[in-house]
Amino acid sequence: MSAVFAVEFAFWQSTIFKLLLAFVAVLIPAGGTVYMYLFKMVSFMQSRLGPMEAGPYGSMQLLAEVGKWAQKEDIVPTNADRRVFVAAPYVVLISTFLLVLVVPFGPDAMFVNFDTGIFFALGVSSVSVIGILMAGWASASKYSLIGGLRAAGQLIAYELPLVLAVVGVVVQAGTLNMQGIVRAQIDGEIFGFGGLGNPYFFTQFIGLFIFLVAVQAELAQSPFDMPIAESELVSGYMTEYSGFRFLLFFIGEFATANIFAFLAATLFLGGWGIPPFIADLMFEAGHDHWAFNLIGPAVMLTKMLLITFVIYWVRFTYPRFREDQLQTFAWKFLIPLALVNIAVTGVLKVVF
Amino acid sequence: MPSADSPTEEEVVVVDEARDALLEAITAELGDAVVASHILPGKDLWVRVANDAWSDTADYLRNRQRFRFFSWLSAIDWMQSPFGRSLDAAVDIADAPTEDAAESEYTGTGADGYTGGETRFQVISRVHSLTTQIGLNLKVDVGDDLSIGTWTKTYPGADWHEREVHEMFGIHFEDHGDMRNLYLPTDFEGFPLRKDFPLMARLVKPWPGIVDVEPMPEVEEPEAGEESSSASPSGATTSNPEDAS
Amino acid sequence: MTAVNDRRQMAYIAAQAADARVNLELEAEGMTLNIGPQHPATHGTLRLVVQLDGEQVIHADPVMGYMHRGYEKLTEVRTYPQVTTLINRIDWLGSFANEVPFILAAEQLMGIEAPPRAQWIRTILFELARIANVTLFLGDMGVQLGAVSPVFYAFRDREYILNQIESATGGRFHPNFDRIGGIKDDLPAGWIAETKSALKEIRDFCDEMEDLIVGNEIYEARTRGIGIIPADVGLSYGLTGANIRASGVDWDVRRDNPVGLAYDQVDWKVWTHPDGDSFARYWVRLQETRESCHIVEQLLDGLPAGPIMTKVPRIIKVPEGEAYIETENPLGVMGYYIVSQGGLEPFRVKIRSASFSNISITPWLLKGTYVPDVITILASLYFILGDIDR
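Chains as they are written, first to last, in the working numbering: chain Y, 1 to 352; chain V, 1001 to 1245; chain Z, 2001 to 2390.
So that you can see chain Y by itself, here it is in the shape it has in the complex:
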């Protein structure tokens, strides 16, 4: 950060600054995708208009919804384990905010540059499982309990393909550092041609597929939405939540979708980079130019929208699996496929 403004910030200053930016990085894209995709695109898919009244073309609808939720009565079921019940949505949300920390938005524009960034991301993404289990257990509702248990089983089963899909990228990039992975894609060459860089969706398309499927399951979105399964379990672990806490779950759900899309963009679509030949035309320094700290976020946003589009498209098209079919799919198809992918990647890495 400091390089951009050529001013040294004190640690506390930059911390507050980063905290605010993290909120922006999580909430603004979340609101944008919810409006664009959940409200509008899905409405068009379902041959309806969606919100039209609040603001021009219904664009203020989300604010109205937030206002509605914030006003609602704060209900905790009588038999609920009150503390756990109250804490659960925050635990889910924490995992979302921790995830965004390691996502690089530009050469310098990232919150923390861990050497093991992707490792950290995969680690904290599992924190949400704890929140969901807490919600399912503490609600003292059978639907919530079944939903929570389903979520636990599902999220644990799909952590593995998620990690294994990333391993292919890591092997190819040769680093766990997120910035390093982006750099590897920008500086990469396809058969000696470096004009496009080497975004890993060319070589790791199987990895991308597995990653997206696993993300869909991690997010409990259709066709893997059994933990919520509104026609079976009413709302799964969220059944007993209302008002502001439901809003937190809601934000957690859709913001996490965006963050995972950011991750997928970083890992497979070249992150904040654009094809190097364009970058070279724009600036002499190419991707090292400071302006990419401003262009980068926009590029990431575009790539994120592309991936979330797929997420929502699938979500509102497919029926859901049954719990055992989901496990079968994970253990008998995705994980072997991911392992084969790693093996092939490893072999090719050595050969080339």
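Derived from the structure by calculation, the hints contain no laboratory data.
Heads up, the beta-carbon is just placed ideally off N, CA and C, and yes, glycines get one too.
Examples of chain V residues toward chain Z, derived with CB under 8 angstroms:
(1) Lys1043
(2) Phe1069
(3) Ser1071
(4) Gly1157
(5) Leu1184
(6) Leu1193
Keeping the supplied structure of chain Y fixed, place chains V and Z upon it in accordance with the hints.
Just chains V and Z now, with coordinates in the frame of chain Y:
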């Protein structure tokens, strides 16, 4: 009591061979258990069986006559409503409510309906044969003990129907095993579909009845005929409440 | 101070009790789960008390009656023309089809028959009611399985049919159009052409559903082999309609006993499926919707001229007698057993509604299935609460 009614259509006296043959077969097998029967040629067949043969009849029909499809089972309360036929107020004055309506007893002979009967309650059921496409209405008298054999052993689908009859008419099905209320709350008192169960809404505010009665028209224009059936409900709105009594 | 402590203590005791209860339920052989009366999958107020072992159903017991309206009692104090208003509300998605068997039974008792044109229009509206009903099922099945979009297409395309029903009868949901001896009005001008274009939309909708749902691997995985009903079991439980035809029973009242309707005048086919599972039930209904379009198109082409009302007395008194007429309604066989004693009102009306019998198989069928399959099976049996509770 085979049918003595002549068919309403005058052109041919329809003889329904299939139903005749079926009736013969049933009578031959069940013997004295077939108390009465009635055939509407080309349309339907009614058989009344003895009370103690009720369960066996189902078994025979399903397993020997291939009446595989169980359609429904219900009951009829043949008592005239002690509250009068409120609709006919303007037409049949004689049926006006009596003073001691609620205490009235069943006085009818029971000889109502196509196959007659001796008791106030009759259980009626319908089964259907897919091979011959003939439906069969079975009736049985239910004596004063209001108890009768169950069909659930033969037709599992009779379970809910019998539970409904149990709660609505108070008829007990022996060996059914699960005579909980189906629709009504567990602590509901009374048997709603019995004729002496008052429909309070109607008693509190009776329908004025059809006023403006005309004799049956012999010849009418088609347009007038078209109008007629829709006219009767609307006639009620303009009616005079005094005509109700 | 003491009050706060007391409250804390109370809360603690309550929490302990809750924990104990949950633990007890988990450790006992089963957990009782109330599906309904307010539940998204029961679309209405059916309550299903299921004993669960994990997610496996040990025992399922449907509890009905939350919507019982006592129609069998109410018909006893209403004139025959008034009864049709009531029975419109039994299966509220295909209302017109409810009226027809009652009217036919009354006509049989009176010994009259509607003129041919009335019969044809009745049949057309009957089939339109079936389409209006079943299209919603075709979309709703997707919702029950987690695909949200198809039901919106169903509502969209059902609208075309509802518009046609409305322009012919004046009522979108509850036409109350059938009369003893005929029908209320003739068809409006231009209706035939409009209906044909509406049917085209329905055919497109069927193709869309076939692409979206029937051809979907997840859908097949969720429905194939789920909730298999053997034909014989189905028949002895009184299953009718597409539910029993999906078990391979080639029986359709429209073809086998078309009383007072014009089904024998047109060329059509009864669809069956040998599997008897949830997939088969969906597939049969899909094909039947197309077949209904086919029937209506033929009927529209061959609509005879003539009166639409036969001669009936101004005040309808039905002669003494008993009659039972059943028709193949959207949900299955619906019949009315009318006992008349010569009055203005029926003496006793037994309403044989299809969903009541169709759902009565659930305790048998749900045993040993899993919670997600409970929803699949309930959705594929396709019930309407008004048709169960009457």
